[in-house]
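Asker: One letter stands for each residue in the lines below.
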Amino acid sequence: EAQVTQNPRYLITVTGKKLTVTCSQNMNHEYMSWYRQDPGLGLRQIYYSMNVEVTDKGDVPEGYKVSRKEKRNFPLILESPSPNQTSLYFCASSTRSRNVSIEQFFGPGTRLTVL
Amino acid sequence: AQSVTQLGSHVSVSEGALVLLRCNYSSSVPPYLFWYVQYPNQGLQLLLKYTTGATLVKGINGFEAEFKKSETSFHLTKPSAHMSDAAEYFCAVRFQGAQKLVFGQGTRLTINP
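Chains X and D are the protein sequences, given in the same order. The letter at position 12 of the first sequence is residue 12 when you use this note's numbering, and the numbering goes up by one with no holes. The letter at position 101 of the second sequence is residue 216 when you use this note's numbering, and the numbering goes up by one with no holes.
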């Protein structure tokens, strides 16, 4: 089954404790992206990747890191989490047409709480 | 700045009634337009999209949307609401020359029996 998977689905942690949220897709998509969802703000893009070893900042990249060493995986790293990073996080992937990402497929989400 | 606006953070309709969720975007150049649905504790699922061609787009679950360039709108409709339509709906836009999707704030749809 074609899908985007994220782990963990739920995470409670404390301020400053490094964490990684994994994202994997099995559709051979080139484009991958991370979003955070907050009430009243919709989804905002954190980072995206056009291909292996190619990443770029989205609208809200502060406090986050990403890497794209393999096509299928795009982990999100919080080196020193803070309470304002408490949110619902989504990973997405898509194919590209004429170098533009088209329809995006979303993972199930990771609900992160930073105490 | 390029933006997407969904009018009404909450919409409530009766079962069997018309569903109308509004989305407007700020751009003079036609972008790519999407509607996604999010059921409780789930990710986003694509309902429908407009890229080029016919301006009336049909999606899954009986939903459709019409791209109106003159109004810079892409409103989502369904003739007859079903209880299973209760969810949060997001309009998303890919503006010309951009890679990212810009999302509206979301509209929570409630269906009354």
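Derived by calculation from the structure, the hints in this document are not laboratory data. Don't be surprised by glycine CBs; every beta carbon is placed ideally from N, CA and C. Do not rely on the hints blindly, as some may be mistaken.
Chain X is nowhere near these chain D residues, computed Cβ spacing over 10 Å in every case [stated by the list, open to error]: (1) Gly123; (2) Val134; (3) Ser141; (4) Ser143; (5) Tyr147; (6) Leu159; (7) Thr166; (8) Ala169; (9) Asn176; (10) Glu181; (11) Lys183; (12) Lys184; (13) Ala202; (14) Gly221.
Rough simulated footprint, nothing fancy, chain D against chain X, three-plus residues with beta-carbon under 8 Å [as the list claims (entries may be wrong)]: (15) 63 to 69; (16) 74 to 87.
Asker: Looking back at the hints listed earlier, which ones does the structure fail to meet?
Answerer: Hint check: 5, 6, 7, 14, 15 and 16 fail, others pass.
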